[in-house]
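Asker: Here are the chains, one letter per residue:
There are 2 protein chains.
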Amino acid sequence: MHPLIKNVEYAVRGTLPIRAEALSKQLKTDPSNSTFNKVIFCNIGNPQQLNQKPITFFRQVASLCENPELLKVENREIISKLYPADAINRAEILLKNIGSIGAYSHSKGIPYIRNNVAKFIERRDGYKTDPDDIFLTQGASEGVQKVIQLLTEHNKTGIMIPIPQYPLYSATLSLVDAKPVPYYLDEQNNWGLDRKRLEKSVKEARDQNVDVRALVIINPGNPTGQCLSEENMRDIIDFCHIERIVLLADEVYQTNIYQPDRRPFHSFKKVLKSMSHEYQEQELFSFHSISKGMIGECGRRGGYFECVNIDPQIMDQLYKISSVSLCPNIHGQIMVDLMTNPPVEGDESYLQYKEEIDTIYQSLRRRAIKLANCFNGLKGTTCNGAEGAMYLFPQIRLPKKAIKAADKAGMAADTFYSLAMLDATGVCVVPGTGFGQEQGTYHFRSTFLPEEHLFDKFCSSIETFHEDFFNKYKD
Amino acid sequence: MHPLIKNVEYAVRGTLPIRAEALSKQLKTDPSNSTFNKVIFCNIGNPQQLNQKPITFFRQVASLCENPELLKVENREIISKLYPADAINRAEILLKNIGSIGAYSHSKGIPYIRNNVAKFIERRDGYKTDPDDIFLTQGASEGVQKVIQLLTEHNKTGIMIPIPQYPLYSATLSLVDAKPVPYYLDEQNNWGLDRKRLEKSVKEARDQNVDVRALVIINPGNPTGQCLSEENMRDIIDFCHIERIVLLADEVYQTNIYQPDRRPFHSFKKVLKSMSHEYQEQELFSFHSISKGMIGECGRRGGYFECVNIDPQIMDQLYKISSVSLCPNIHGQIMVDLMTNPPVEGDESYLQYKEEIDTIYQSLRRRAIKLANCFNGLKGTTCNGAEGAMYLFPQIRLPKKAIKAADKAGMAADTFYSLAMLDATGVCVVPGTGFGQEQGTYHFRSTFLPEEHLFDKFCSSIETFHEDFFNKYKD
Numbered sequence: 037m038h039p040l041i042k043n044v045e046y047a048v049r050g051t052l053p054i055r056a057e058a059l060s061k062q063l064k065t066d067p068s069n070s071t072f073n074k075v076i077f078c079n080i081g082n083p084q085q086l087n088q089k090p091i092t093f094f095r096q097v098a099s100l101c102e103n104p105e106l107l108k109v110e111n112r113e114i115i116s117k118l119y120p121a122d123a124i125n126r127a128e129i130l131l132k133n134i135g136s137i138g139a140y141s142h143s144k145g146i147p148y149i150r151n152n153v154a155k156f157i158e159r160r161d162g163y164k165t166d167p168d169d170i171f172l173t174q175g176a177s178e179g180v181q182k183v184i185q186l187l188t189e190h191n192k193t194g195i196m197i198p199i200p201q202y203p204l205y206s207a208t209l210s211l212v213d214a215k216p217v218p219y220y221l222d223e224q225n226n227w228g229l230d231r232k233r234l235e236k237s238v239k240e241a242r243d244q245n246v247d248v249r250a251l252v253i254i255n256p257g258n259p260t261g262q263c264l265s266e267e268n269m270r271d272i273i274d275f276c277h278i279e280r281i282v283l284l285a286d287e288v289y290q291t292n293i294y295q296p297d298r299r300p301f302h303s304f305k306k307v308l309k310s311m312s313h314e315y316q317e318q319e320l321f322s323f324h325s326i327s328k329g330m331i332g333e334c335g336r337r338g339g340y341f342e343c344v345n346i347d348p349q350i351m352d353q354l355y356k357i358s359s360v361s362l363c364p365n366i367h368g369q370i371m372v373d374l375m376t377n378p379p380v381e382g383d384e385s386y387l388q389y390k391e392e393i394d395t396i397y398q399s400l401r402r403r404a405i406k407l408a409n410c411f412n413g414l415k416g417t418t419c420n421g422a423e424g425a426m427y428l429f430p431q432i433r434l435p436k437k438a439i440k441a442a443d444k445a446g447m448a449a450d451t452f453y454s455l456a457m458l459d460a461t462g463v464c465v466v467p468g469t470g471f472g473q474e475q476g477t478y479h480f481r482s483t484f485l486p487e488e489h490l491f492d493k494f495c496s497s498i499e500t501f502h503e504d505f506f507n508k509y510k511d
Numbered sequence: 037m038h039p040l041i042k043n044v045e046y047a048v049r050g051t052l053p054i055r056a057e058a059l060s061k062q063l064k065t066d067p068s069n070s071t072f073n074k075v076i077f078c079n080i081g082n083p084q085q086l087n088q089k090p091i092t093f094f095r096q097v098a099s100l101c102e103n104p105e106l107l108k109v110e111n112r113e114i115i116s117k118l119y120p121a122d123a124i125n126r127a128e129i130l131l132k133n134i135g136s137i138g139a140y141s142h143s144k145g146i147p148y149i150r151n152n153v154a155k156f157i158e159r160r161d162g163y164k165t166d167p168d169d170i171f172l173t174q175g176a177s178e179g180v181q182k183v184i185q186l187l188t189e190h191n192k193t194g195i196m197i198p199i200p201q202y203p204l205y206s207a208t209l210s211l212v213d214a215k216p217v218p219y220y221l222d223e224q225n226n227w228g229l230d231r232k233r234l235e236k237s238v239k240e241a242r243d244q245n246v247d248v249r250a251l252v253i254i255n256p257g258n259p260t261g262q263c264l265s266e267e268n269m270r271d272i273i274d275f276c277h278i279e280r281i282v283l284l285a286d287e288v289y290q291t292n293i294y295q296p297d298r299r300p301f302h303s304f305k306k307v308l309k310s311m312s313h314e315y316q317e318q319e320l321f322s323f324h325s326i327s328k329g330m331i332g333e334c335g336r337r338g339g340y341f342e343c344v345n346i347d348p349q350i351m352d353q354l355y356k357i358s359s360v361s362l363c364p365n366i367h368g369q370i371m372v373d374l375m376t377n378p379p380v381e382g383d384e385s386y387l388q389y390k391e392e393i394d395t396i397y398q399s400l401r402r403r404a405i406k407l408a409n410c411f412n413g414l415k416g417t418t419c420n421g422a423e424g425a426m427y428l429f430p431q432i433r434l435p436k437k438a439i440k441a442a443d444k445a446g447m448a449a450d451t452f453y454s455l456a457m458l459d460a461t462g463v464c465v466v467p468g469t470g471f472g473q474e475q476g477t478y479h480f481r482s483t484f485l486p487e488e489h490l491f492d493k494f495c496s497s498i499e500t501f502h503e504d505f506f507n508k509y510k511d
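Note that the protein sequences, when read in sequence, are chains A and B.
In case it helps, our numbering puts the first sequence at residues 37 to 511.
In case it helps, our numbering puts the second sequence at residues 37 to 511.
Bear in mind the hints are in silico, worked out from the structure with no lab data behind them.
Do not take every clue at face value.
Identical chains blur together in the list; that is why a pair holds if it fits in one copy or across any two.
[Said to hold, decoys possible] No farther apart than 30 Å at their CA atoms in a straight line, the calculated lysine-lysine pairs in the DSSO-like style are these: (1) K132 <-> K390; (2) K356 <-> K192; (3) K356 <-> K444; (4) K74 <-> K108.
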């Protein structure tokens, strides 16, 4: 068996979720034996699993592309009762440019859609974008994995990752045998990023002969939810420039920003382009996804990355390995088109689209605040508010007795706590160990995606559990 | 840059297709400058790109799953005019079992669908199948890549592959730094498989300290189209058993069998299960796909693999690395369900479904014969008929002058010939170099997928080109 695969850890789908699935199965066959009637999967940002409604216009267009028979002249009258004219029109344009959605496309993605993505980035940032710099992918994860694989030259290649981080990064580094070079986010400072920590981290790694090549930044953050200031972003770009490090910007939560002074989103590309000429060769990959934002179309596996100032040889190699997997799935590509090219003012579907997006956004914002308040009200617990993204990452100061009990049970104390929560409430979160945390601290990550009408009940079940747990293990 | 990525070659999407794409673009902007009006992509088994019609029932179900609004009570009367009752019913069952198609599923695939796949295999082979042994994937390619990656322990791990082979295999071995251990198919003997060649190949590899772990077999063959006899399959299983080698059976063309005495398809699992008890621990992975057969839904990226007698620890690791990519896309999963669970006699859609499948099958069969006849009529060319799959792999005995000219142009002679064909006719094939061939022989692979009403024209354009080429380079 491949020794590197053995080393991989992926907590978002690890011990907790596996137990949660078993519980969920058990509840279906014998619900009488449990204090809760449903497992609530807060381990993963999977909005539609928790009944978030898909965007109507997007699904309309996708279903017409799926069944072009509906677009035939003889069906026009009937479908005009089911579909608005702009959805029909959009499906026709897409099919004209795609051909059949049952065919393999260009390995970088359909040229027409890459072109639309480029225009979207231009509108967002105000700087020219070349469609040839865009690779469509099966979710942002695939892009991240390909780029990290390519950047890894040998087992002393170092990639800087934040701690706490999204475990896709640590898992991918394990798989390709690259060295993770951690830099710690500052919990006291709202999970902010301190340049001195970056400098310290790169120096330490290089002192150990690690060849540091890239820095991963997740903005808005996962699991931490922080949104970087422009000043901070400039600082990071300057750091990468000086240290000759490629910047990998995971920007999948770019529309999940709840902190008013961080809106609208500033991409790393925009900030880079606004800097002086000596920065204009800084290498940057930016990743985006249809799974997050207010869209939440996770199951479709769609996304893209943009290459900024990347050597054409590297791009050729990325194209080549993309071609071994043939192409990203067309349904994901169509959704990337819709995400980057939604209805605009004046379109028949615009008002409904806008209302749906706004409703989800406002609700996410309310739930983020509610859950942070809940966590901050728990004994021994502090939690930074979510400036963005879909998660909170509270710190729990566990009683010594609980830590001992965890030790006896052969597990990390945060896993012990999270498992107890799952068994008592049906709420599945991910222990901090899976993301990395300062030694001696304990956290967990929870999404704030449970439905709003169930949210108070959700919070109070956590409160009750926490109190019971702290009573049970009182020092 | 990762040194292994540099080494990867992938001809199906290599020099020829890149030039073909450029020509195709050029034809759109300035068609006057060319002797042909369209590039015909025969480099890849991509039926819907060449206007093969999707299966109506499958697309109907998929479009309803995409837009569940259509299933609401108030729309029932309207959609009953557009959709047959069994398509509506099937979409409802799927959605009930999936939840939203916009949500991540279980990383091995939706349990309900894996269950249906297991039942399909049971019906096909007559032996019990455990749904937990099934992994749904984004096309067969993803499964192949994951399994080969996992089986590779170090850079002396050897994987036996046929020559000629589908370049996914050589590319994947390059990427994971495993040693390809080639065994040659016998062109004189209709691309048959000779056990002595397997024995010779494994011995030679082991003599060089290669740790041979697995054998890849593609049946029906790609690019060769051979269909193995049951006797031959037993022989291969016996070989794997004796040599303690895992068998990787690429069975994606299992419904593309045109040779009457090879129908119905015998899977490696079925043959294995029919053998005596000492073979019943033989490890086997079997791969299948929605991209081939009469379905040809390549763009959707769907497939599965079954693990037979695979160590649970290996299966756990496969599950873990699957979970890093979260899940296969749901649209591909739905199509796997439909492929393995199509309308049956008595269903409203059965007759239409059967007619569509039969029409495509008969047409593929006719085109396979027509193209083989065309190739066999060419000067210096011989071509085994396609017992199965979607390709022919003719051998061309090129004039010495052509070989010299190719040498001067700095390319392999089969690439030189194929490029000349592309420039003269717009037909894009893949040179034999991309698949491997006996030294000193020249081949190319062409699909027989161009539309039947254009097929005579397609053949005669190749004939004219070939004659011109042979006249130009006459020795």
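Asker: Which hint numbers does the structure go against, in order from smallest to largest?
Answerer: Checked against the structure, no hint fails, so every one of them is satisfied.
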